[in-house]
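Undergrad: In the order they appear, the protein sequences are chains A and B. Residues in the first sequence are numbered consecutively from 1, following the UniProt record's numbering. Residues in the second sequence are numbered consecutively from 1, following the UniProt record's numbering.
Derived from the structure by calculation, the hints contain no laboratory data. The reader is advised that the hints may include incorrect statements.
What the hints assert, rightly or not - In silico DMTMM-like links for lysine to aspartate or glutamate, alpha-carbon gap of 25 Å or less:
1) B/Lys181 / A/Glu610
2) B/Lys190 / A/Asp399
3) A/Lys287 / A/Asp277
4) A/Lys287 / B/Asp156
5) A/Lys603 / A/Asp102
6) B/Lys56 / B/Asp179
7) A/Lys112 / A/Glu92
8) A/Lys287 / B/Asp126
9) B/Lys190 / A/Asp616
10) B/Lys56 / A/Glu610
11) B/Lys56 / A/Asp607
12) A/Lys193 / A/Glu418
13) B/Lys181 / B/Glu53
14) A/Lys287 / B/Glu69
15) B/Lys190 / B/Asp179
16) B/Lys162 / B/Glu51
17) A/Lys287 / B/Glu128
18) A/Lys603 / A/Glu61
19) B/Lys181 / A/Asp607
20) A/Lys232 / A/Asp253
21) B/Lys181 / B/Glu106
22) A/Lys232 / A/Glu418
23) B/Lys190 / A/Asp398
24) A/Lys232 / A/Asp419
25) B/Lys190 / A/Glu610
26) A/Lys287 / A/Glu276
27) A/Lys603 / B/Glu187
28) A/Lys266 / A/Glu303
29) B/Lys162 / B/Glu53
30) B/Lys162 / B/Asp179
31) A/Lys118 / A/Glu92
32) A/Lys603 / A/Glu387
33) A/Lys232 / A/Glu200
34) B/Lys190 / A/Asp607
To be verified - Covered by chain A, per the in silico footprint, the following chain B stretches (three or more residues, Cβ under 8 Å):
35) 10-24
36) 32-42
37) 68-77
In this text, all values refer to a predicted model and were calculated from it rather than measured experimentally. Backbone N, C-alpha and C fix where the C-beta goes; we use that ideal spot for every residue, glycine too.
Listed below, chain by chain, are the residues.
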Amino acid sequence: MVFYQYSTDISPHGGQQTSNNTSETNVILNSYFDYTFQKCDGMLPVEFRSFAVDPQITSLEVLQHILIRAFDLNGKRNFGISYLSRDRSGTEMYMSLLSDWDLDVAFVSAAKPYLQLKMDIKPSEDSPVMEDWDIISPKDVISSEQLLAERTRSLASAALPFTQSLLSQVGRTLSRVQQAFSWSYGEEIKPFKPPLSDAEFHSYLNGQGQLTRPEDLRLRIYHGGVEPSLRKVVWRYLLNVYPDGLSGQERMDYMKRKTREYDQLKREWTARVSNEDLEFIRGNVLKDVLRTDRAHPYYAGSEDSPHLTALTDLLTTFAITHPQISYCQGMSDIASPILAVMDNEAHAFICFCGIMKRLEGNFRPDGQLMSIKFQHLKLLLQYSDPEFYSYLVSRGADDLFFCYRWLLLELKREFAFEDALRMLEVTWSSLPPDPPETEVELLGAPLETDDTMACIEKNKTVRKRHMLRPSREEPDALPRTVPQVLTSSAHLHNSTGVTLPTTSTVKTSVASPSHSRSLLSSPILSFGRGPTLPSSRSSSNILPSPGNKSPSTTVNMSSSVKLESTSSKPCSLPPPQEFGKGNPFMLFLCLSILLEHRDHIIKNSLDYNELAMHFDRLVRRHNLSRVLQRAKALFADYLQSEVWDSEEGDEVSSDSPTTTTAAPLSPSSTISARPIYSPLASPQSSTQNSTYNLSTTIPSPTAHVSSPTF
Amino acid sequence: METIWLYQFRLIVIGDSTVGKSCLIRRFTEGRFAQVSDPTVGVDFFSRLVEIEPGKRIKLQIWDTAGQERFRSITRAYYRNSVGGLLLFDITNRRSFQNVHNWLEEAQSHVQPHSIVFLLVGHKCDLEAQRQVTQQEAEKLAGAYGMRYVETSARDAINVEKAFVDLTRDIFELVRSGDIKIQDGWEGVKSGFVPNTVHSSEEVTKGGRQCFC
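Just chain A, same shape as in the assembly (with noise of 0.2 Å):
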């Protein structure tokens, strides 16, 4: 193989057209920088070429192929890019270009009057702009396959450009690093830990291999992922697929009968729709699965992939099993990785089961949830950063829909492959466990039909069994274990008026001088507690409150939602329960994404379009280390400062300055401590263990019932 080098350069000049090559590139930008290539092909003469595109609308993923074309490339599509900058004291240098934040970077410190690009072939296949292509087609894996073959053939060529690579990638580590140690979030930050190993796993489990300590569990995987090789065991649990107690043998015998019970499913297909139905839904299905996650080696290549045939007939299967939600684009994006971690249809359609018991509602085509998802993720922005959240407002952006796509899939598009699964795993462990009562359901409510209220009502139980705890204790019964309070929080809606004991008595004051010490550097503010709301909403708004036995409110979610979000300000957030409709860490999630662009966003003046598609160009691109971080940071502000809707609340933080926020509470206590679920949350409670602090703190799973969408 030859080591290519090739120079681009990049002139300005004044919007005035370029005809040089352009046709050969095959470019249909309009152009304003003048690119010319210079090709190095080892020893031999350097070659120029030149085009132009709109650094306004070109993308690092348009460069690239613009470049490929120009070199003709194609098979050699693993190659660096870098671009010539220009530091303080004048020296010029070559610095990496591998994202669009560096394209962006590179217009702007460029060296020359036009920038200069070197493209070094690399024999790395997972370099990040190797990830960056992710696959336009699956020949393209191929031909990356037939590289490396070409790259055993010369490994000294290949060295270089592989040094050059490593250099840069360590560069950008080291980087991360600093801007790690400049954020000042205190002492709340834990540093990362290694993935959950296997023999760590162990320990959770007693020694009839049943899971002890499930919460416990959940805050190690917040704190550090999954091993790879544990997935396929951990996500079980972390998907509900396994009621509480199962011994080792007791769980191979239950997903052996589930597995029974799926293969039954799908031999009765036809049983349950048409033949013309299922052609039509499998059709719709296989469209998609042909297209989902194809540059992952477990999906990609042939189309007659046995494991694109088990994703085909897994949400064949779920489409016809379910047929309220049937299949909707974008679960094939769901169920993807879960197939890929769990190597087995009938395994992954169980854990899908998992998890559509809570992600149902986002494909629901009345887009109820959705909307309640968008009316948060809004409030948040507006409560943390006003700023940004004007600047959106006053470029009609402000409905948040370019988040869309992120709050329906729950991000799993905007990371890599491999980035998604630790994001989602890390995702899923900041919830609650929600065990199912006997089992997981494999086979949904049947279509609602005009004539069958009753049914409906019928559907309606089964799916609140589902979504919340089961409750399995005496309704008043106090709550005595983690689990229990969870259970009497989700009972909050239940006609029998079951109500947590109520928070007042240890509300910390977040407007406390302890808490004015923004957590998070600018913009990011912390969570103080604003001005007070209109009564009408605190009134409207009912917190779960333990021990009081008076009847229970249902509340309607999205009328309340739309009093907060129509005050200019919010001064307080949706408790954990509701906010996110399941998922609050989701939203900080989206919070962070957003943080880490406001600055390029406001500083570019991109309009609504602009930003949207900037958006679109960072799919699979979000640097998942940062964005967790922060995202977990945030959280852990947000639970710490309690800004949380509360009756009462706002009395009660002028009168008692409590911090719970500088007492460490043990890993079992960092749930039962919460103060809104129970009184157990005294400081002295929290004291037995400090391995995790508050900002490990997981909320409970929504306990609130009546949006129509569940």
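Following the hints, position chain B against chain A.
TA: Quick look at chain B alone, frame taken from chain A:
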């Protein structure tokens, strides 16, 4: 660097799922054909400049909507601020052609009080052997709604440029004639940065608008 364009038009691209909306747009904006592209959920965003006459550039902002009915609640929000639209069907998929009428109704009911200049696009015309919709009947349907009709292929880059540029020219003429006006609070057409006084915005402030749906 300031991009030099006379006007900015916002276009919406609609049609059944998997008729090739995203591929058509990517071919137009990025000059390539993606064998595999993610199913669109919600709305994706694209942009490109086109030169309709020497020196007269129009910036197109293109909204790529999800075709599946499930996403109507979000895609609906985008009709109002669009001045033009490409309504796609797949010439190898009769059902997608039969749905053209529904798409127009959907658009019409959500674009009020504005209107959208539509172009009917029969896509995937490279797959002639699998054709299920004849050019004649598509032209007839387009004529009945006062639309132009064009057949395109993103794979073979047939008429892709033409589809977008023709639609842009049509809108430009309507803006020039005053039939389409720039309005505050409406993002369909915006006046851009004009390097020379080729056109002043005065030309577009007179006249009323017609419904082209």
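Undergrad: Below or equal to 25 Å on CA atoms is what counts here, so check A/Lys287 against B/Glu69.
TA: 16 Å, holds
Undergrad: Would you check the hint for B/Lys190 and A/Asp616, treating anything up to 25 Å between C-alpha atoms as holding?
TA: Cα-Cα ~23 Å, so holds.
Undergrad: Has the given pair, B/Lys190 with A/Asp399, been kept, meaning a C-alpha gap of at most 25 Å?
TA: The hint holds at about 20 Å.
Undergrad: Going straight from one Cα to the other, do A/Lys118 and A/Glu92 come out at no more than 25 Å?
TA: Status holds; Cα separation ~13 Å.
Undergrad: Take a quick look at whether A/Lys287 and B/Asp156 sit within 25 Å of each other, Cα to Cα.
TA: Cα-Cα ~20 Å, so holds.
Undergrad: A/Lys232 and A/Glu418: Cα distance at most 25 Å?
TA: The hint holds at about 14 Å.
Undergrad: Taking only the CA atoms, is the gap from A/Lys232 to A/Asp253 under or equal to 25 Å?
TA: Within the cut-off at roughly 16 Å; holds.
Undergrad: Sort out whether B/Asp179 lies within 25 Å of B/Lys162, counting only the CA atoms.
TA: 23 Å, holds
Undergrad: Within a Cα-Cα threshold of 25 Å, do B/Lys190 and A/Asp607 meet the stated pairing?
TA: Holds: B/Lys190 and A/Asp607 sit about 12 Å apart, inside 25 Å.
Undergrad: Under the criterion that the straight-line Cα-Cα distance not exceed 25 Å, is the pair A/Lys266, A/Glu303 satisfied?
TA: Answer holds: A/Lys266 to A/Glu303 is near 21 Å, not above 25 Å.
Undergrad: Count the residues of the stretch 68-77 of chain B whose Cβ falls closer than 8 Å to any Cβ of chain A, and tell me whether that reaches three.
TA: holds (count 8)
Undergrad: Hey, B/Lys190 versus A/Asp398, does the alpha-carbon distance stay inside 25 Å?
TA: 20 Å, holds
Of the hints listed earlier, there is not a single one the structure fails to meet.
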